[in-house]
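Keeping their order, the protein sequence lines are chains A and B.
Everything in the first sequence is counted per this note's numbering, starting at 1 for the first residue and increasing by one.
Everything in the second sequence is counted per this note's numbering, starting at 299 for the first residue and increasing by one.
By construction, these hints were calculated from the structure, which means they are not laboratory data.
Idealized CB from N, CA, C, for every residue including glycine.
Hints may be right or wrong, so weigh each one.
[Stated by the list, open to error] Across the chosen pairs, the derived CB separations fall in these ranges:
| hint | chain 1 | residue 1 | chain 2 | residue 2 | range |
| --- | --- | --- | --- | --- | --- |
| 1 | A | Ala227 | B | Ala995 | 51 to 61 Å |
| 2 | A | Gln169 | B | Ala995 | 48 to 58 Å |
| 3 | A | Lys160 | B | Ala314 | 50 to 60 Å |
| 4 | B | Ala995 | A | Lys160 | 48 to 58 Å |
| 5 | B | Ala314 | A | Ala227 | 22 to 32 Å |
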Amino acid sequence: MSTAEKYLKPEVIQQISRLDLRAQFIVKGFLQGLHASPFQGFSVEFSEHRKYTPGDDPKDIDWLVYAKTDKYYVKKFEAETNITGYLVMDLSRSMGYTYRQELTKFDYAICLAAALAWLMIHQQDPVGLLTFDEKIRNSLSPKTKRRHLGDLLSLLANLKPEGNTDVAQSLIQVAAMLRHASLVMIFSDLLVEPEPVLEALHRLRHGGHDVILFHILDEAETQFPFAGLVELEEPESHRTLALDADGFRRDYLGELESFRQTYRRECFQSGIDYVPLDTSMQFDKALTEYLASRSARG
Amino acid sequence: MTFVNSLLLAGTALVAVPIVLHLIMRRKPRHLEFPALRLVQERHETNRRQIRLRHLLLLALRMAAIALLALALARPSMKFSGSLGLREEPVAAALVFDAAPRMEYRQANETRLEAAGKLGEWLLRQLPSESRIAVLDTRLAPAAFQIDRSAASQRIEQLAPVANSQSLPAVLDEAFRLLGQSELARKEVYLLTDLARAAWPAEAAARLQRRAAELPELSIYLIDVGAADPSNYSLGELRLSAQLFSSRSPLRIQTDVLRTGPAGRREVELLLLDEAGKLQKRGQQSVELEADGSAGLDFQVSGLGEGTHQGYVRLLGQDALAADDVRYFSVEVRAPWRILVVDPKTPHTHADFLPQLLAPESWRKSGLSRFECETIVQSDLTKTELDPYAAVCLVDPKPLSPAEWDKLAQYVSAGGGLAVFLGRNAPIASFNAADAQRLLPGPLVRQARATQGDVYLAPRDLQHPVLSAFRSFGGSIPWSDVPVYRYWELGTLAEGTGVVVPFSDGRPALLERTVGDGRVIVMTTPVSDLARGEPWNLLPVLDPWPFLILTNQTMLYLVGSTNQQLNYYAGQTATIVPDPSTRYRSYLVTAPSGMTFPLSADPKQGRLMVTSTDEPGNYRIQAGGRTAGVDHGFSVNLAARQTELERLTQEELAERFGPIPYRVARSRGQIERDVSMARVGRELFPLLILLVALALAAEHVLANRFYRE
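Turn these sequences into a full structure, and let the hints guide you.
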C-alpha cells in the first residue's frame, strides 16, 4: 500500500488533525488507488489558454497554438455541466458517538465531506454545505473558487454534533431551499423513524435532485460487540435499557439489517444512492459512490 | 437421615445472604451510551425476561451452593434399612446360630459352627453398650434375652450341634417375637448360617415376611459362614424292607450315597450288633460316584434270630462332614404270624386263594413266608381257640351265629385282627344284626353291580400304612386293569370307621374299624371267586400283583407289624410297645453315648416312650436282667435335611425374604460396613461436596457469561 493510499483508512486519517490536510490526503490516496485520472473522459468545454508551466499535463498542450506561436499553451477546459453539490450534515448528538474512542460518526462524516468538497472544488464543481439538527443550522452556498474550500473546511471543522435532530423536517427544508437540480449528499446516522425520512428523501428526489445518502453508523452499532449485562442509554432522549448483550446480539444485528434493508429498498426504488457505512470502513467506498453518481450525471 | 453435626444445619440459614444481596446489592449492569437504542427496543421485552430468569437462576445456584455446603458440613447420612439414632444407641439384638448338624462341616480346620461362634463373639463386642442381647440356636426352645454380655458370650461358647434343628424361618420367628417384646427402638437380627437350602422351606417364607413386617425398625443380617464350594460324601436315609418281620424273611436295607463335589469312590459297610453286643460286619460295597451324583446301595441280611437287632451302615474314610456318614437302624425279628383262614365251604368260594396270596407255595418251601396260614371250615369256628392267631380271615362268610360274633368280638377287643371279605354268601339280615354290627363297619344295603367292568379299586392317596408299599410305584399301578363287577354297598358307617381304599365310583372297597385294642378290616368284594361263572371280581386271578401286595400289607397291618416303629428321627418321641406277656414297670434306657437313664412304662397301655432322642445312634431299653429280662431297642437318625449342604441361590434367598430388607455378609469387614450403613447410614458428605462444587461451577460459568467485562 502506498503512503497516500493508507490515508483512506479512518484510523490513519485520525492522526492528522487539520481537516484540509485530511481531505487532501484522502483524495490523493483515493486518486492514486484509481490508477487512472477520474477526470479523463469528462465532458468538458474549452474555456481559455494559458501558458504552460512545468507540472501541467503535457497532454493538455495545444500543439496548434504551439505551431502558430512557438510557445507552449495549455488548453483549459471547463465542465460542460457543472454539478452543484450540497453536503448535508446531520448535527445530531448521536453522530458524536464512538464506542472505540476513535473517529466518531461525525468525524468520519466530516472527513468524508471534506474529501468530497476538496474533490469537487478541484473539479470545478461548486459545492455548498448545509448542516441541520432540528432544522437547518448553517448553510454555505456552493462556489467553485479554491478559496471557498477553505471557508467550507473551516466551517466543517468547527461543527459540533449536539442537540436533537429532526432529519425529515430538515430534509424538507433543504428541498425547499434548493432552486436548481443538485447533487445532495446527506451524512446522517438516520437513527430516527424511517418513514418520515424516506418521505422527505422522496420529496427531495422529486425536486429533481440527485441524492446520495451516506448512512454512517459507528462500528459498534453495526457489530454490537458488547457482552454480558449492559445498560444502554440513548444520548438524545437519555432513555435506558438493561439487557443481556450476548443473548441479544443476533436479534440486534437482524434488526439492523432489516433497518438498512428498508432504506436500501426504498432508496433504490426512488433512485437514491444509499451508501451504508460504518466508522471502520475506508473512505474510498464513499468517494467511489460519488464519482459513479458524478459520471452518471456527466 | 441423621446428622453428625446437626448444629451446623443452622448454616442453611445463610441462604438468606444471596437473597439479601440480590435485593439490595443488585449488580449494576455496565452503563453504555448507544444511539441505536431504538433498534434495540423492539426486541427488548424477551431479553428482559431472559435477564430476570438468569438472575433467578444465579440466585438459586448461589442459594443451593450455600445450603448444600451447610448440609455437607453437618455430615448427614442416609439409612437403607430403617434404624433410629446413632451408633452408640443400644439395640435389641438377637444372635441366631444355625446349629444344624451340617454346620459341623469342617473347613480350614474349624467347623462352621465354630466359625459362627467366633464371629458371634466378635459381633457381641461390636454391639453398643446397654444393648439387649439374645443368643438363639436352632433347637426348639423359647428364646430369652441374656442377662448380660458375658452370659451371652458363655452361651455362644456352649453352642453345640442340634440334631433336630428347627428350620431357620421358625427360629427367626421366635427371634422376632422376642425382639418385639423389647422397648428398644432399634432391633437387629444376626443370623449366622451356612445358607443351606434345606433350612429354608419355601412354604415358611410368607409367614417369615409377615412377622418381619410387624417390626418396622428391624435390621436383618445374614452372616454366611458356609463353605462356598462344599465337598462331601453323605449316606442317604435307610430304607428297610420292614422294621418288624418274621424270622423267615430277609432284611433288606437300601440307601443312597450322595456326592457333593467332584467324582469319587467310596466303600460302604454294614455292621450289625450281635447278641453279645459286638459289631459284626455283614456287608461291604463300593460305589463309584460321579460329580454331584448319587448311587444306590442294597444290602440283604438273612438268618436273623428272633429279637431286636441293631446296626448301622457307614461310609468308610473321612470327609468334611462326619455327621452324615453313618445311618443307624433297629429291626425286630419274630416268629411268622399265624393266620386263621375261615372257609365257608360253598361251591363258588375258593378260600385257598387267600393263603396263596399271603404265603405263596414257593415262599413256604423256602421258609421265607411271613405268615403261617391255617384253614378251618366255618362251622368249626366255635370250637377253635383264636388266641394263638395273630389274625382271623373270614372268606366270603356265611351267616354267623351270635355266639360266633361274640367270640370274634372278644378276640378283636383283646387286640386281635379280623379280616372280613364279604361276598355272595352274606345274607343282609344276619350281617346287619346287632352282634355283627359290633364288628362290621356298617350295615349291608345291597349288592351293587357294575357289569361294564368300569369299577375297580382306586386308592385316593397312599397315606394309609396298608398302602405304604405302593408309594414307590407312584401312579403306575394298574388298578384299572382289574375290574370289580359286584360288591356290597354299605349303609351309614359306624363310628371309628375309615375307608382305606374306595372303588373308582367312590364307594368303599376296603374299610377299617378299630374295636377295643384290635382292628377289623372289611373288604366289600370277595377274594375267592374264580374267573369263570359270574365272578364278583377278577382281583385274585388277573395279573394279581397289586392285589397281592395289598392283601399282604393288609395282613401285616392287622397283625400290628406296620405300627411298630423302631427307627426315628432325632427329636421324635420313640414309642415301643412291649409284648403284653413281658411287661415291666420300669426300664433302663441306654443312649448311644453309653449314658443310661431309667424309664417308666405308661401304666395304662404299657407303652414305653422315650423323649430324649437328640443323639443319633442305637438306643437299648432293658428290664428284668440280662438273661431273663427283655431287651428292646430303637434307632435315631438325623433327618436328611439336617445334613444337606446345598446352598440357597441369591434368587431363592431374595424370594424367601420378599420385601423384607436383609444383608448378606461373609467377612467382618462386610458386617461392619453393612451394620454401620444401617445404623449410621451412608455418609452423604462426598456426594454433597460434589454437588456444592457443581453448583459453584455452574454459578461461576453463568455469572462470567452474564457479567462479562
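Against the structure, the hints come out as follows:
The given range of 51 to 61 Å is broken by A/Ala227 and B/Ala995, whose C-beta atoms sit roughly 20 Å from each other. Between A/Gln169 and B/Ala995 the Cβ separation comes to about 56 Å, which falls inside the hinted range of 48 to 58 Å. With their beta carbons about 52 Å apart, A/Lys160 and B/Ala314 fall inside the hinted range of 50 to 60 Å. The supplied range of 48 to 58 Å is met by B/Ala995 and A/Lys160, whose beta-carbon atoms lie about 51 Å from each other.
For B/Ala314 and A/Ala227, the hinted distance range of 22 to 32 Å is satisfied, since their beta carbons lie about 31 Å from each other.
Going through the hint list in order, the structure does not satisfy hint 1, though it satisfies all others.
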